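J.: So the chains spell out like this:
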Amino acid sequence: AQTVTQSQPEMSVQEAETVTLSCTYDTSESDYYLFWYKQPPSRQMILVIRQEAYKQQNATENRFSVNFQKAAKSFSLKISDSQLGDAAMYFCAYRSRVGSGTYKYIFGTGTRLKVLA
Amino acid sequence: GAGVSQSPSNKVTEKGKDVELRCDPISGHTALYWYRQSLGQGLEFLIYFQGNSAPDKSGLPSDRFSAERTGGSVSTLTIQRTQQEDSAVYLCASSLVGNNSPLHFGNGTRLTVT
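Sequence lines, in order, name chains A and B. Quick note on numbering: this note's numbering labels position 34 of the first sequence as 36, and the sequence is numbered without any gaps. Quick note on numbering: this note's numbering labels position 81 of the second sequence as 127, and the sequence is numbered without any gaps.
Treat each hint with caution, since some may be false.
[Stated by the list, open to error] Covered stretches of chain A, as calculated for chain B (at least 3 residues, CB under 8 Å):
hint: 1; segment: 40-46
hint: 2; segment: 105-117
[Unchecked claim] Which residues of chain A face chain B? A few of them, derived with a C-beta cut under 10 Å, are:
hint: 3; residue: PHE66
hint: 4; residue: PHE70
hint: 5; residue: LYS72
hint: 6; residue: LYS75
hint: 7; residue: VAL100
hint: 8; residue: GLY101
hint: 9; residue: SER102
[Stated by the list, open to error] Beta-carbon label-pair distances, calculated as ranges:
hint: 10; chain 1: B; residue 1: ASN145; chain 2: A; residue 2: LEU118; range: 14 to 24 Å
hint: 11; chain 1: B; residue 1: SER51; chain 2: A; residue 2: GLY101; range: 23 to 33 Å
hint: 12; chain 1: B; residue 1: THR158; chain 2: A; residue 2: GLN58; range: 22 to 32 Å
hint: 13; chain 1: A; residue 1: GLN59; chain 2: B; residue 2: GLU66; range: 40 to 50 Å
hint: 14; chain 1: A; residue 1: LEU118; chain 2: B; residue 2: SER99; range: 47 to 57 Å
hint: 15; chain 1: A; residue 1: LYS57; chain 2: B; residue 2: LYS61; range: 25 to 35 Å
hint: 16; chain 1: B; residue 1: ARG156; chain 2: A; residue 2: GLN71; range: 11 to 21 Å
hint: 17; chain 1: A; residue 1: GLN58; chain 2: B; residue 2: GLY144; range: 34 to 44 Å
hint: 18; chain 1: A; residue 1: LYS80; chain 2: B; residue 2: ASN98; range: 15 to 25 Å
hint: 19; chain 1: A; residue 1: LYS116; chain 2: B; residue 2: SER99; range: 41 to 51 Å
Hints listed in this document are in silico derivations from the structure and should not be mistaken for laboratory results. All of these numbers come straight from a predicted model, not from anything done at the bench. All residues carry an ideal CB built from backbone N, CA and C; glycine is no exception.
Required output: the full structure, derived from the provided sequences and hints.
T.: And the structure:
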């Protein structure tokens, strides 16, 4: 069974600085997607970035980028130029195919990010 | 609607009562997922629907939990004889079928069992 581990329950970063959130996963599959979701106090989960396992190039979305190490089964999120609005709970998620066009998502326990002014 | 809608936003119930949580997915989204988020925990998978059928119910924690989906749209998660350990945020998400379709989440229902 697949598992997702986030070993940092809480992280802090100064505004405008860079922070990296860690995520590791365990799987025997070769075809899968990885995601980072952000959950602000409003509770709504927002997709931050995704990575396809067969792509070697790391995904980037503006200030957010990932370091995907497939062999090490590691998928960390880097937030550059941190802003106060980045403060939230961040979840790493693994997606595997369970049927034609349908998927199962497994989430880590989350990392709470605090941004200090 | 524009997004996934969940109701109620908050629910307080007495131990032993039944509750129903509703999820209205984005129009056209055939895949629908229910997750439970307990304090300090990640998202625990409960069940997912493909259309009206539920191929995977493996995450339902006990037979007190059930879910249905009608018309390929609205889904209801029912918890019978609620217990205090059922207190959590229940999140619903939907997506289109296909490789490039991400999950879209609702704001969740916070259930408190007293």
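J.: The structure should be examined with respect to each hint, and the outcome stated for every one.
T.: Here is what the structure says about each hint:
1. 40-46: Held - the segment 40-46 of chain A has 3 residues with a Cβ nearer than 8 Å to chain B, which meets the minimum of three.
2. 105-117: Three-residue rule met by the segment 105-117 of chain A, so holds; n is 8.
3. PHE66: Check failed: Cβ of PHE66(A) comes no nearer than 15 Å to chain B, outside 10 Å.
4. PHE70: Check failed: Cβ of PHE70(A) comes no nearer than 17 Å to chain B, outside 10 Å.
5. LYS72: Interface hint status for LYS72(A): violated (18 Å vs cutoff 10 Å).
6. LYS75: Constraint on LYS75(A) not satisfied, violated at 17 Å.
7. VAL100: Holds, because the Cβ-Cβ distance from VAL100(A) to chain B comes to roughly 7 Å (cut-off 10 Å).
8. GLY101: holds (6 Å)
9. SER102: At about 8 Å, which falls below the 10 Å cut-off, the nearest Cβ of chain B leaves the hint on SER102(A) intact, so it holds.
10. ASN145(B) / LEU118(A): 14 to 24 Å: violated (39 Å)
11. SER51(B) / GLY101(A): 23 to 33 Å: Because 26 Å falls inside the window, the suggested range holds.
12. THR158(B) / GLN58(A): 22 to 32 Å: violated (46 Å)
13. GLN59(A) / GLU66(B): 40 to 50 Å: holds (46 Å)
14. LEU118(A) / SER99(B): 47 to 57 Å: holds (48 Å)
15. LYS57(A) / LYS61(B): 25 to 35 Å: About 49 Å separates the Cβ atoms of LYS57(A) and LYS61(B), which means 25 to 35 Å is violated.
16. ARG156(B) / GLN71(A): 11 to 21 Å: Because 37 Å falls outside the window, the suggested range is violated.
17. GLN58(A) / GLY144(B): 34 to 44 Å: violated (23 Å)
18. LYS80(A) / ASN98(B): 15 to 25 Å: violated (41 Å)
19. LYS116(A) / SER99(B): 41 to 51 Å: holds (43 Å)
In summary, the numbered hints that this structure violates are 3, 4, 5, 6, 10, 12, 15, 16, 17 and 18.
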